[in-house]
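S.K.: Sequence:
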Amino acid sequence: MSSSGLDEQFLHRCCVQLSATLADSTVLNAEQGNAIRFAKQHAAAHPREVARALVWRVVDSADDTLDQSVNEDRAGAWSVLTAVVAECGDASSEVFRTSLGDHIASLLPYLVGYRWHTSVHSIQEDGLHSSAEVVLNYDKVVPASLINGFSARNVDAYAVKMMTLRYRKYLTLWKSVWRPDVYQTLKDMVKRVEATGNFLPPMAEDVLVVPDGYRESLWRLRRTAPRPSIALELLRNYGWPMTVIPRENNNTVRAPIYVLPKTEAELRQLDPAMHLTVFQWLKTMPQKSGGCAGCDSWDHTDARCPCEGPFWRSPSDESAMKTHRALVATATGGAALPALTYVQSARILHASNLRLPLRVPEALDAITKLIRDEKPYEELLAAFDTVRGAVTGPRERHALWRHASYQLLPSKTVFAKPHDEALSPCMNKIRNLFRSSRRFQEWEQLLDAVDVLDVCFRRRNVPSRVRRNLEEVQVTASFFFCLVDGSLAASFNPATYARVPEEVEALAPLKDNLCRVCLEPFHTAVTCPLVREEEEAEYRRHSTGTSATKLVIEEWDLQVARRVLEDNECLFMKYPAEAHRLAAAMERIDADDRPAKDFRKAELQLAVKLIHERRVAVCPQCNVTGHSLRNCERRAYRALSRESLRPIDVRLDPHKLRQCVRRYASEDASHGELLDAMDLYGRGTQLLPTTFMKAIREMDDARIPIAAARYATDTVQSFLLFSNSTDLLQHLRQFRAARFPEVCVFCDSYHHRSEDCTRCREDERGYLQELRRTGLTLWTYLLHRDAYDQLLPTDYVRGKESVLALVDQFETDYRPGGIGRSRFFKDNDLPDMTLGTMMTNTYSSITDTPALTQTRAAAPETSTTAAEAATAEAGGEVALIGGEEDVLDHASDISEKRQRAPSNVALSSEASSEEEHPRKKRPRSDGDSEQADADARAGEEVSVEQDTAEPFTGCVYGELEAQ
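Numbered per the working numbering, the sequence shown spans residues 30 to 992.
Under the rule of at most 27 Å between Cα atoms (straight-line distance), these lysine-lysine pairs were calculated in the BS3-like manner:
#1 458 - 398
#2 723 - 685
#3 855 - 723
#4 441 - 458
#5 638 - 603
#6 220 - 204
#7 198 - 220
#8 216 - 198
#9 198 - 69
#10 626 - 603
#11 404 - 441
#12 291 - 312
#13 630 - 603
#14 317 - 291
#15 404 - 317
#16 626 - 638
#17 398 - 446
#18 190 - 216
#19 190 - 220
#20 69 - 204
#21 446 - 458
#22 398 - 441
#23 216 - 204
#24 312 - 69
#25 190 - 204
#26 398 - 317
Simulated restraints, written as ranges between beta carbons of each label pair:
#27 684 - 592: 38 to 44 Å
#28 135 - 318: 43 to 49 Å
#29 131 - 232: 14 to 20 Å
#30 405 - 272: 33 to 39 Å
#31 452 - 53: 34 to 40 Å
#32 448 - 285: 34 to 40 Å
#33 460 - 285: 28 to 34 Å
#34 547 - 610: 28 to 34 Å
#35 525 - 610: 19 to 25 Å
It should be emphasised that the hints constitute simulated quantities derived from the structure, not laboratory data.
Owing to the predicted nature of the structure, the values given are computational and were not obtained by experimental measurement.
All residues carry an ideal CB built from backbone N, CA and C; glycine is no exception.
Given these sequences and hints, build the entire structure.
M.R.: Written as structure tokens, this is what we have:
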């Protein structure tokens with residue numbers, strides 16, 4: 030290498046010191062003084078580096094054209110070199126007593142041959158080997174001289190003469206410095222160059238060809254302002270001790286944070302001969318607290334980077350984790366990410382003019398523009414991640430920030446690539462721009478940012494090397510996340526606790542892109558296929574509505590820890606009471622003949638820390654972490670199935686399960702299982718109001734399908750008002766409750782979901798499952814049908830039409846002339862009122878107002894329509910959808926208020942007379958206190974009725990849809 034044996038950081042400092050543009054005469058005089066002062070300061074200790082930088086400054090001078098006849102910057106570089114050479118020949122100068130002059134003299138003959146001014150030369154230089162390559166270095170306008178091989182500048186004999194005289198002055202000055210033999214060698218070389226043109230001797234390539242890294246330093250001060258990464262590099266070049274702030278965790282992926290200078294005095298002490306521009310740039314570091322090198326932005330610091338903050342984990346959270354019965358399973362590595370539902374995310378995207386199905390380039394462009402305009406973007410990014418089912422990790426966020434800092438859009442840099450190995454047209458232009466201005470480091474950083482976005486968003490596939498590392502970690506079942514995500518102290522590192530440490534360290538940058546359940550990239554634990562499979566298990570599907578227990582996500586490290594403890598017979602032990610079992614396991618490891626004893630003991634200690642010290646529950650029935658045996662929903666479902674019960678039966682009427690419990694003795698295993706099922710489904714928030722079961726029975730007795738009552742409540746209510754069925758109206762209100770069990774739209778059953786019905790076709794099942802993946806049910810969708818149609822387009826159009834046709838059929842059945850009306854009158858032995866023969870008496874009994882005078886001559890259809898218009902808008906409910914309240918206002922007549930008033934007053938008086946006590950754990954015996962459950966239920970029913978039975982005001986669908 031050309032820089033072998035040299036102090037690289039100091040050589041960079043020398044190049045930076047000489048990197049200002051030298052085309053202006055005023056600047057040239059100042060830069061000559063700066064170069065002499067720098068040489069006096071450092072020539073004694075670093076003569077080789079100073080000489081090499083002076084020579085390289087001439088070699089890599091700026092060419093405004095390939096023709097060298099007019100090149101002020103190169104002439105200025107020769108002037109600076111000559112000024113330092115003159116200083117070397119001054120016996121009174123400090124530089125005279127150094128070996129700087131000897132090192133310059135050894136390089137000068139080669140430099141003269143390579144970069145001395147001459148009007149006789151080839152236009153193909155600087156590494157160009159063909160006319161085609163020369164032309165490609167120009168943009169749209171190509172000079173004619175490049176095509177015919179003749180430069181018009183050579184015709185300007187006066188300019189050539191003036192430049193030749195200027196260079197002759199350098200040669201004259203050298204005569205007074207160098208020995209006669211050295212001067213004669215240089216003079217002969219000048220004559221040869223002026224006669225035959227420049228050339229690069231093969232033996233001089235090693236010292237005259239400038240590496241790209243140093244070429245960038247030689248152009249450093251030609252920038253207008255530094256970026257944080259450039260300023261940090263300058264700080265390192267000028268000798269600042271890059272002391273890293275110690276990490277408090279084992280997250281080695283995050284860029285190190287350095288101790289930075291706090292005062293200007295500390296900066297001046299770095300180098301008394303520091304260039305004034307460098308000093309001004311470095312002053313920005315303490316003023317901006319260092320900025321953020323990852324985002325390459327001064328807007329925030331490394332410690333407060335918004336890209337890293339949501340994913341930051343600290344071992345200080347350990348004490349908080351010990352207070353929980355189970356480790357909180359997170360969908361991503363970050364706990365500070367906004368939690369949004371699918372519908373909320375769709376609304377946020379819709380507000381930013383992003384429609385579903387999601388188009389990733391448009392979304393990334395919108396986020397980048399918000400970053401560029403310094404506007405909040407976190408909510409839009411969270412919505413974007415929720416909809417696509419993946420996480421935008423710190424690396425991708427840094428890449429977006431870097432795009433924004435260059436005013437670039439991912440749609441142009443990433444998604445405009447013709448194929449995987451090529452660059453987009455936009456990136457090709459940027460590459461030419463950066464190379465011409467010697468910004469190689471920035472180009473590499475920008476190219477890395479593009480590659481990160483390309484892998485995560487365009488290709489959505491990892492390279493083969495990364496895939497091999499993933500498979501190795503998966504096959505060996507090695508700890509991963511807890512060793513690299515910062516959740517443990519720095520002592521918990523892959524080298525000590527990982528089965529394949531090299532692969533774990535190589536995968537560490539991808540930790541936030543990997544699923545924390547299956548260790549596969551580009552999806553979250555919430556959308557993991559393994560978790561989806563668990564959600565579709567029979568015992569969860571038959572729970573209907575809100576499941577009894579939240580689905581616990583067993584993260585990868587907990588899976589590994591569980592297996593390690595199971596292999597060492599320490600999984601189901603009481604810790605620390607049975608710590609002797611852990612000691613016995615350690616002794617067994619020492620006694621067996623298997624290798625890696627120290628590693629196996631360390632791995633076992635880590636497993637104990639993750640599960641037993643954090644008090645993570647382990648279920649022996651399911652053999653998974655996250656819930657105990659008593660809270661096992663699978664076990665409870667099996668126990669109920671043996672009694673021909675479903676979880677929804679217990680939630681609606683726990684008395685059925687109590688009767689089953691009494692049939693078993695207390696020492697019977699089934700007795701304990703059924704009691705646990707009672708705790709799981711028949712207590713607390715899982716217990717549903719008894720009014721739900723009463724409403725179901727009443728509708729069943731009246732031969733009204735509960736699916737019609739649930740999905741066409743308004744129409745059924747209008748019909749019941751019309752038929753003067755006030756008792757059924759009281760029960761119909763329960764069908765508006767958000768907690769009401771889910772009803773199958775196909776078979777009218779509340780024991781299973783609609784998509785699980787045997788009558789459901791594949792396209793219908795696909796639509797209903799798609800609806801559930803968005804966090805909606807058919808009932809919640811029907812509340813805001815038009816709004817959801819606009820937000821959530823479907824891939825199952827035929828299935829959607831078929832399901833909604835069934836709902837519309839319920840509406841039709843209970844409208845005037847519908848078959849549901851006729852069946853109701855027939856099944857309940859009531860006179861058919863559709864002809865309007867008893868309208869006057871009916872309305873008199875309902876409203877207690879003077880009888881309506883209506884002639885029999887009126888047409889039957891007219892009278893029926895008038896009655897429907899008076900009673901169509903009724904009923905009220907507060908429906909909760911993803912934390913939002915949809916309030917339906919309804920109007921009622923005076924008679925309905927009078928009929929409901931006594932019951933409401935009685936309920937309120939009973940509720941006020943009861944005292945509320947803290948709920949205690951039920952004693953585990955078959956002699957359950959049913960009265961205690963009844964008392965607890967009474968208060969809940971009052972609150973439910975108060976929520977569901979709202980005054981009838983009028984149903985304004987226009988306002989509802991507008992919300």
